[in-house]
Each structure stands twice: as C-alpha cells, then as structure tokens.
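These protein sequence lines map, in sequence, to chains A and B. Here the first sequence is numbered in numbering that gives the first Met the number 0, starting from 0 and rising by one per residue. Here the second sequence is numbered in numbering that gives the first Met the number 0, starting from 0 and rising by one per residue.
Because the hints were derived from the structure by calculation, they are not lab data. Possibly wrong hints are sitting among the right ones.
Here are the simulated DSSO-like pairs of lysine-lysine, each with C-alpha atoms no more than 27 Å apart in a straight line [as the list claims (entries may be wrong)]:
#1 Lys427(B) x Lys266(A)
#2 Lys427(B) x Lys64(A)
#3 Lys154(B) x Lys266(A)
Here is how the chains run, residue by residue.
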Amino acid sequence: MRKYSVAAIVREALRYNAGWERAWRSPEPKKQYDAVIIGAGGHGLATAYYLGKNHGIKNVAIIEKGWLGGGNTGRNTTIIRSNYLQDSSAAIYEKARSLYETLSQELNYNVMFSPRGVMMLAQTEHEIRGYRRTAHANNLQGVETEFIDPKTVKKLCPIIELSGPRFPVLGALWQPRGGTARHDAVAWGYARACSDMGMDIIQKCEVTDILKSNGKVVGVETTKGVIKTHNLGIIVAGNSSILAEKAGFRLPIESVSLQALVSEPVKPCMDVVVMANTVHGYMSQSDKGEMVIGGGTDGFNNYTQRGSFHHIEETVRALIETFPIISRLKMLRQWGGVVDVTGDRSPIISKTPLEGCFINCGWGTGGFKAIPGSGWAMAETMANGSPSQLASAFSLDRFREGRFIDESVAAGVAH
Amino acid sequence: MSSRLSTGGKLIDRSLSKEFMFNGRRLKGFEGDTLASALLANDQVMVGRSFKYHRPRGIVASGSEEPNALMETGSGSKLEPNQRATTTKLFDGMRVKSQNHWPTLEFDLGAINSTFSKFFPAGFYYKTFIHPRFAWKYLFEPIIRKAAGLGNAPKEKDCDTYEYFYAHVDLLIIGGGIAGLAAASSAVKSGLKVLIVEQNDYWGGRAIVDEINIENGSGSDWIYQQVKSLSNEKNVNLRLNMMAAGVYDHGYVLLHETLTDGSNKKMELRQRLWRVRAKQTIVATGAIERPLAFAGNDLPGVMLASAVRDYLVNFGVSCGDRTVIVTNNDDAYRTAILMKNAGLEVPCIIDARPSVSESLSKQVQSLGIKILTGKAVSTVTGSKRVEGVAICSHAGSGEVLETVACDCVAMSGGWSPVVHLWSHCGGKLEWDKKNYMFKPDLTSAPLGANGEGMLTVAGTANGFLISRDVLSDGYTKSKEIIKALTGKVPKISMEKAHSGDESEILPVWFMPQGATRKLKSKTWLDFQNDVKVSDVELAAQEGFESVEHTKRYTTLGMATDQGKLSNINGLAVLSNSLNVSIPDVGTTTFRPPFQPISLGAIAGEARHELFKPIRKTSIHNWINANGGVWEPVADWRRPFCFQRNGESIKEAVEREIVNTRTNCGILDASTLGKILVKGPDAARFLDMIYTNVMSNLKVGKCRYGLMCSENGFLSDDGVVARLSDDSYLCHTTSGGSDRIHAHMEEWLQTEWWDWKVYTLNLTEQFSQIAIVGPKARQLIEKMGVDGLDLSPEGLPFMGFSEGFIAGISVRIFRISFSGELSYEIAVPALKAQEFWDLALISGEEFEVMPYGTEALHVMRAEKGFIMIGDETDGTVIPQDLGLDWAISKKKEDFIGKRAQMRSFMKSENRWKLVGLKTIDPSVVLPDGCYAVDGESNSYGHKNMIGRVTSSYFSPTLERSIALALVENGPDRMNEILNFPNLDGSVTKAAICDPVFFDKEGKNQNV
Ligand SMILES: Cc1cc2nc3c(=O)[nH]c(=O)nc-3n(C[C@H](O)[C@H](O)[C@H](O)COP(=O)(O)OP(=O)(O)OC[C@H]3O[C@@H](n4cnc5c(N)ncnc54)[C@H](O)[C@@H]3O)c2cc1C
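The following block holds chain A by itself, in its conformation from the complex (with noise of 0.2 Å):
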C-alpha cells in the first residue's frame, strides 16, 4: 500500500492524480476463510483489521451486503464518549475513545477524530444528582470527566440558552476528550487497512443462509455463492436478529428507526458537543459548517431506514428552545437508520449456541463511539474462541442471568 502524505499530494497532484491506487480491492470470493466477517460496518471492519493485526489472522473475508459503511457507521452523528456509569461499559467506551486519539496515524487514514469536549446538560436537580454519580464513577475508573456549573457551559458553548423559559441549565458533565470522527473515513481507513493485509471485502454481497455442520458453523451461503470457514463473525446491527435466525438462534433485540438530520452548513458557531436529555436532543457542528442534529428512536419496531416525521418535530423543538439562533437554519436532510435495541440497552459482544460462531450487535443508537474497542474485543474472542476480558460482560448469558448492564441512568440518549 502507497502511504498517504503531504509528498504524495504534490507529486500526484502533478500529474492529473493519474497514480492514486485503488483504496480497496474488489476481489471475488475465495471457497474458503480462516475467518468470515458478515457486516462491513464499522465494528466488522474494525474486528477483522485487529484479527490481522493482533492475532495474525489475515485469511478473512468480510461479507457486505450493500456497500462498506453504508448501514449505521454512514448514517450517525459520529458522537465520541465514555462517560458510561458501568465499569464494563466505561472500559470498553474508553478502550475505543483512546484507540481513535491515535487512529488516523494507526491507519494512515485522516479519521478526524476531533476531541472538542462532550457536554451533557443537566436541566434538573435530578440530572444534576445523576451526573455528579457519573462523575464519581468516572474519576474512580480513569475516565476524564467533571460536573461544570451553567457559567463554564456558556464559556463552552455561547450560544446555549441558560435560562430558558421551560427547562434551566443547571450545569453539565463535561467530557473534555470526547468529541466526534468522521464516521466515512472510519470505515474507509479500516477498508483499506484490511484490504491491504490481503483481507478481501466482498460488497454487494449478501448472506442467505449459515451453514452448519454437527452443531459446528461451517460456512455461509451467500449471492456470490458458498463460502466456507469455521469462524464466522456476525456484526449486523439492525440486521442482527435475522442473520440469528438463520444461525438457529433468538435475540434479546429489538430494531427500530433511530433518526437524524443537518442543516445547511453555516461559518462556526460551536465548537463542542451538546446533549440535553431532559428535552431530548443533541447537536454539534460538523468540518463543512452542518448542524448535526438528533434525538430519540421511533416508538414501534421497522426496518425500513426512514422515520416519523413527529419525532424530527420534537427534537427539533427541544433544540430551539436549548440553541434559540438555529431557528432561523434550515433543515437540508433527514434520514433514519436502523438500530438494534437490546434489553439493558448495551451491547452483545459473544459465543453464541452455534459453535464458531460469533455474534457482536446490540450497539443500538451508540456504537459509533465504540467502534475500534469493540473490534479490538471482538477479534480477541473469535481468536480466542471465547471472550476477552472487554467483552466478558457483554456475553448472552447475562440475560438469562440476569447481569444487565443498564446505562440508562446516566443518560435518556444513549449516544
């Protein structure tokens, strides 16, 4: 792989960008992988490069359905925290947060991890008790965050109305090493990465069967035809209980419609993250001048990758009242993806009944945060054949034990 630098811009620059190669290859599949990788999202990607990286395992394909990047890791609003309540939750969330600091590098890929400071507001003395318990779990678990008083968020954060007519902010917890990536470049990076380690992304690909042999997983059954192997990865999201179906088991998981939406881009005016969960919206502002906007998920179960208009209403009232300038934006895009809801909200990263394989979902409205520490643990237990210490707590079994992992204390959105 030629690296990406400065030099190279010049020297392809000179030449009508005529030597830039491929980012990716497009290969056809072979009959047969160490390890198969269904779902080319960001967490599929992102186990498969640490497999190779790791664990060495580089005979891998990764099984796309549609085009790389194009479910959830293309449709999010890229927030990156781990101010998460739960130990098992703030290790995993922070793993990833400070694989992205040094991501670009690591990939030779610009990510745009852009640590400008995550900031959730507290509109209630509830809240308020909320996020100082989330502060003291923080600072127990080495995770850098700090309850701050009404007047440092409008420091932060001027445009911010302290003192709105509805809901006062009272202060916030303040994340000041979160922040956002583009979510495209993510999936990009891990692409090309992977393809470079010989790994072969097979797009437009769709799994239609999983095949199983004496209890044991031995292949898929695909468009493109059989593949064989006898580690199978399924990363799926919305597309989870399906794929589980097929393996020939159920799943705690729901999918609904999460939405979002952008205005037209606008010269800066905010610098950091907000999420005010008392009136339920969050907003942020991308490189290109968009206001990054969302809320909550639709209240009924679908897969299609669109929403109610009811639910864009109300985030957006809930933001005017919180950003009273943005009145005067326009709405350029709304769109909806699907997300896949588990029953404590957290993840599922596990064994599953059928042996080989492997199931990793359940990353609901949040994952993009999560997306190197989830490969990371991922690729540690389809290596290992069982779960690394990230992702013990995440396993299936918790649910018929009991053990949830419930963050929704510490935050309604669960972005």
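Guided by the hints, dock chain B with the ligand onto chain A, whose structure is given.
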C-alpha cells in the same frame, strides 16, 4: 452585460419600482422580481463564492435548483443565511449580502484555494493532515472549519412565529403546471375534495414561458381560465407559495407555506407547515434542466438555457448581450429564438449532435443564428465572468477550432423529471432509454396503509417532455384516481395541447467526448461543492464504486441544492468510468425535505412557554406568590422550599422540617399520579401489575404497592386504595403517572386485551393536599368535618374515608411519607385553593407552614423510606431495598417475577440498602459518591463496593445522614467505608440501619 430590457416581463410590474442594497450597493428592481432577476437586471453577474475553492459564482438557474446564488438577508433577529436568490422575492428596502468571501466578493483571499485546487482533489482531507497528531485539533481543523460553512449563523433569537396546519383531503396535487391543473379540474368536477399546491407565486409552471398552445389558444390563457373556474368551486383549495417538503408513510405529506417576504421589521407569522393526510396524491412537479459539463462551465455567465429564457420572458431581463447556446437537444433552441427575437445577439448554437432536424435548422438559420453541429465547448474563457467560448469538435479531445466572444453561455443537457417526492417513501425509478433520464417506475409506487400505491405521478414529472403528452397524462392520472376513490368512471373532456415532436437528444455528460484530464479537472459537476469530472473519475479509480461512496468521497450532491443539478451528470460520469450502464450505477437516496425548510417552521408554535407546557397544580399560583423556589419535576414545577425574607434556602428547608415535626406542615402533593382502575377484572389485573397482592385488599383500605418492569427492576411505587369491589385508585410517583398509565395500557391492549378493565388517569382531576405533623388531626377537626371520624380507631393508619371538610367533598387517606401523623386529602381540583386557604386559616393557631420537596425528601430519608429515582435507577430490585415483604410469594405470576428468579438477581453479593453515618457528623457525603475497598477490578478501575443514593443534613438528628446501596450491606453493620471525593480527599462513614428516626413509629401511629 446582463440588463433589463425596455419591454417584456410577464411577472413584473414596471410601475412599482423597488430599491434594495446588495453588498452596500444601491440597486433597483420591480414588483414581481425575484432577488435573482433583480441582480441580473443590474448586471450583478457574480453573486457568490464556491464552498471549497472560493471560485467566483454566478446565477445558474431560475428556480429552487439554483446552486450558487445563496445570500444573507435580513439582520439581527431576522438574519437569515443561505437564502436562495432565485426563490426569494424582492421587496423595497431589502438588504442582501453575498457569502463565503473575505474581504469582498470581488477580491476574496480564500480564492487562493482555487489557485492550488490541483492539490485539493476529491478526498484529499483523508490523505493528509495526519501528522503531527495534535495538529488536527489545534491547527488544521480550525482552519478548515473557518473556510467551510456558507453564510454566517444568526446571533439573535428569531423574533418571528410559525404555525401548524392539518388538512385531510381526497386528493392532493403537488405542482400547479398544466398537468397539475388538468388533474385538479377533473377531480374537482367529480366532487373530490382537492388541495392543489404550487411552490411559485404564480400558476402554470413552465407553460407560461414556453409559449405552448392548448385548444387553439395560448397556454397562458388556458391556465388563467383553469384557475379562475377552480377558484369558484367549494371543494378545492388552491395554494401558491407552498412547497411539498416530504412524503412519509401512509400518505402523510408535509407542505411548507411561505407567508411573508420578510419586509416587515416587526414580529410576524412567517411560515406555516401543513401536515396533510391525503387518500391519494398526484405528484406533478415537472422537470429540471440539466447543465452540461465542459471546462470553465462554472464561470459567472454560464447558465441553464431555460433559466436564460425565464429571465427574459418573466422578468424582461437579458442575461447577456451575446449569448452562445450549448446543447444536446432541441429545447435550448427556444432560448436562441426568444433571445434573437428580443433583439439580442446569438452568435451560434453549439450542438453536440451530428445533425439537427431540417425544420428547426431552417427556422433558426432564418433568424441569422449559426448552428455548429457535432461541436462542443472546449473551454469557457474569462476569469470572473464569461468572455467567450473556445469551440472544438465533440468527438475529439478538445483542440480548439475557433473562439467566439460572448458574455453569456446558455447550456442544456436535457431534462430530469423531479422524482424526489415519489422517491421519499420508497417509490422506485426506471431508466428512460429514449430521453436518457430516470423517471418513476409506476409499477413500484410507495405503498399506503392498505398496501396499495398512495402516490402517482403526472406530466413531465412522469417523463413526458412534450406538452401534448403532459396535459393528457394529467387528465389520465386524475381519471384513474377518481375511479379508484369514487368507484365511478368519470366523464372528462380532455383538452388538448398541440405541439410538434422534437428530435432525439444525444446523451452528453461531459464534453468533448475525449476531454483530457486537464480539461476534466476544470469541468464542474457540482457548482456549490466544487466537484469536478476529474473528482468523480478519481473516486472511481480509487475504488469508490458505489454511488454512495462516490457521493461521500467527492461530496457530489451534498450541498444545499442536494444535487438537483449535479447528480445525474455525476452518475453518468461514474458509470462511464466504471464501464457499467447508468441504471446499474443507480441513484443515491432522495431524502426530505425537497427544499430546505427552517427549523422554526418545524418547531411551529411549540416554543418558549408552549414548548412542553408546564403542568400546574391548583395551588401553583399561590406557591408562586408565597416564596416558593421552583424546581422542575417531570412536566410539573414543585417548590423546593418556601423562602422567607432574609432566609437562605438551607435555613428555609430546616425551618420547614422542624416545624412539621413539632407542629404542623402542609404540602401540595397534587402532582402525585392518580390512576383509576375499574372493572370486573381490576383486581386480577393489579395482581399482575404490582408485586404484592391487591385482590385481597379490603374496600376502604390502602396498601403500599411496588411495580416492576418485565426485567424485574423496581419501576414505581405508591399507595393503592380499594374504592369498591371493582375499582381501585392507584397512586404513582409525580414523574411516573403518564409512564405508568401507558405501561398499564400497553399490557391491557397487547397481552390482556380480553380482560374487562378500564384505566383512567385522574391526576389532574384531584388535587392532593397533605396535612402533616403532631397537630394535623386538630387542624382538620378545626376546619370542620362532616361524615368523617378522624379518631385513631375511626381512621386508622393505612385507612381512608370519604366525607366533607369545611364543606368540601374530600377523600382522606391516612398515609405518611414523613413518619408523622399525616393525612393526604384529595379534593376536586377546582376546590383545592379554597381548601388550602381554609387550612391555612384554621391552622394558624397550630403554626401550620407550607413545606417543599426538599423537606419532604429529608424527612423521608430520616425514616429510611426509599424514593424512586434516588434509591432506584433501573438496576435495583425490591429485594435490594429490603422490600421483600412487599413481594408476594403466593401469587403465581406478576410482571417481573420470572426475571427475579434469575441467578444474578438472587446473588449473595448484590448491593443492598443501608444507612450511613459519616464519622464527622457535620460532613455530608456528596451525592452519588462511591465506596471503594482499595483494590482494583479486572478492568484496572478502583473497585467500587457501594454508592450513596441519598445524602442530607438532618436537622431533626442534627447530623448528616445518607442512604446507600452497599455490597452485602446489611451484613456489614458498623463497618467503616471509604468514599473518595473528586478532589482526592476521602470521607469515612459507618454503615448503619437505614431508619434513622423513630423506628418504632411512635409519631405516626397516634
Ligand atoms: C441516526 C443515527 C445516529 C447515531 N448517532 C450516534 C452517535 O452520535 N454516536 C455513536 O456512538 N453512535 C451513534 N449511532 C449508532 C451507530 O451508528 C451504530 O451503533 C454503529 O454504527 C453500528 O455499527 P455496525 O458496524 O455494528 O453496524 P452497521 O454500520 O449498520 O453495519 C452493518 C452492516 O451489515 C450489513 N449486513 C446486514 N445484513 C447483511 C447480510 N445478510 N449479509 C451481508 N451484510 C449484511 C449491512 O449492510 C451493514 O453495512 C447512531 C445511529 C443512527 C442510525
């Protein structure tokens, strides 16, 4: 130069002139002008700078597809960035600024990007700025952010207002061109209720410009007649200035109506968002002309041929004195003919096709216009505006044959039907092989609730480019819908448009065919986002083969016009590079809104006080007037305390507690949820909802009950009173009433739909006033009771009665959340203030004082009573809180029972409720702090073994107290735990019983 001609202009009124300011220059226009037509009339050809390279940009289009002419209008609380000049009406005194340049439009330092544009091809961001690591956040990104963005963000609050409107119709017609009007007239005659909307402020769409002929009259006359006769009908609503923004599932359509032009300086109702539910919708949204891609096509002065025509006919504006036409189809010849007839020069038509029909060429040549067939533009010359075109053979690689001087280039690459609305909700597209365009695939329509198509498309939007076919399609589609909706075949007189056939278009996506890399790197596809043919080709070369990848990698079609002009050319270039057909490449997804709509319009009226209106109890105003310090609690406000002059909040809380425990306190507890559950199966239902048994509760008695989620976690608590055999009143927490009511209904509607139970949320029908303290009974008796026996035997603890107090009908519960003698009295909401006032008067001699939520919380903590949301957080089961006694062992089932049988729920090591006393009694433990045992857990975190759930200074005990959940807590009495603080210090506290005060209940049981 571009200028206003002395005659012409169907939409303007020359007798009303309007002055406006553009970048500080005073300019003139007329009533009826758009901002764009007025700018062109004043020779303002350059109107902005592009997003990435800051290249000079001019007006390209005449409608909502305009990519370049985005302006800042208004100021202060009316400032609005990114207004599209082509759809903004001009008004007298308007102030407009162009955007994205510094220091001026003409001289922009950012244009240095253009000089170095070679070095910024598609995707260059991803390939660079990687080292050094810290530079991205502190150096590169801030610079990129500054350069990006278009207009300035407003600094002030929006002073205008917005509203919602709801409409239900049989047929919604989107688009008021000839197809839409034909459809409307026949549907209205058939008696359907019709809404027809048009985004422009005039009817007729393109037909008024393109001199068409209907039934031997002019198109304009026909349109006038149609609108006139429709206006007389009752069953039709005709709306101009109304844009269909989005189509959603089940026939839900969002329409955006512009109500003002912004000239008013005061607050005004600005926009209205219509939510329409239509049985059927016809999309008759016409088509958009495609630009051609050739080197230098982004220079100001290069415009769509149809736009040049529009400015001429509608506004009497000439876009140039010498206009060269570049085309691959017949339609652009119209522009040439009109310009020439208006006395303007048209030196030549460059037509990429090898030949033109004889009749057309005769017609044009007779006007003295040269036709250059098989030719293309090699490049446009000029730096800030068009100065000429270098012409080459279309078949070659761009060698210049001749150069023609001109100041305007009118280009046409054919037309694309506006399929956005059809596609929003899943309508599929097909490739029209004859006209080289995507059009709706009518066999694959978006489906409504009944599984049938809910949308159809008519006219040009349906791929018909000739007026004859357009009009007849309008009638046909209307006929089909009338038949489907009324069951009758309507008799419709289909009026006919007369037009000749046009010769075929030649697919040209960039020119010349063999353009060099160098030319392609100056050939624009997306004008606003600066995406060139070379960028799309580079994306393909680098493996970004999916259209979605190409779009994201190059930002093609991601600007504020959402690719209305650029997408199809981009797709074609991609298909060419990949060597696959255009339909195989496919389109990107069309998403709402069709045109950007303001966030204000989306929020509508629900702003300020109306954003989540505050729920107010009957005592709200009294509390407000009497020192209540408000705190938001769910949708309510409750007083934290009642502050007196000169008193701190802490002092107020302590006074309220001490007084309640020694004399008497009064509390507005009206926010408490009250749900009536009634029916023959009510008892059975509540046995499932609560963990305790409710079926054996005696009529006239109360019981404290717990509710769990399906996962076994404690979700709400409250007192249940059995009013009669088949009815119960269930009290919930203040924040819980709506949630719990919905929870009950969900179970009833989805699981136990055959049980005979009704639920009713009575929270606002009854106010609840608590009279609490040793003198509570005396106070109530003093008020005068009728039909009530308040003696300990007559109304024992956990009993309730109905009767009258001070002549007001009440239901009185003897329950206590403070550990004192306490009555909670439910009165009809409208009588509550009267009751409250009387209680205060009668209570004077007992020193009654109102108290707030903080006193309530401290007193309940002193008694070790749990509070939902403090001691619970969705991970706590009743057993953790020592509430095993409230969980029935006898019942076969209740919600949460099965979950609580799981191994971890029964584990020995769960965190359980205890009390804590700090070693230093004056130190209050911080809320939410954790106890650690000095070890590390498997993640390397400090090992947490418990946490504080409630922490207060107790004035009753004159020391700090706290409730906590601690691993194995109840087995560790008196153990001293360490609680690290955020500042690094550690607070020590000893585990104790969670009931700090009056464990025997002496105060309560009197
Ligand atoms: C609107 C929105 C906003 C969000 N905001 C945030 C945020 O701010 N911060 C955050 O951290 N998270 C956020 N998220 C969540 C985050 O996007 C997801 O958790 C994360 O991207 C999931 O990544 P993934 O790789 O698991 O799934 P995906 O990216 O969805 O990838 C799964 C892939 O599997 C493929 N696939 C499915 N079935 C098959 C099959 N049978 N055969 C082959 N391939 C198949 C799909 O095509 C898809 O590409 C948001 C999500 C949405 C929708």
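Each hint tested on the structure:
no., hint, in the structure
1, Lys427(B) x Lys266(A), "violated, 37 Å"
2, Lys427(B) x Lys64(A), "holds, 19 Å"
3, Lys154(B) x Lys266(A), "holds, 12 Å"
Checked against the numbered hints listed earlier, the structure breaks hint 1 alone; every other hint is satisfied.
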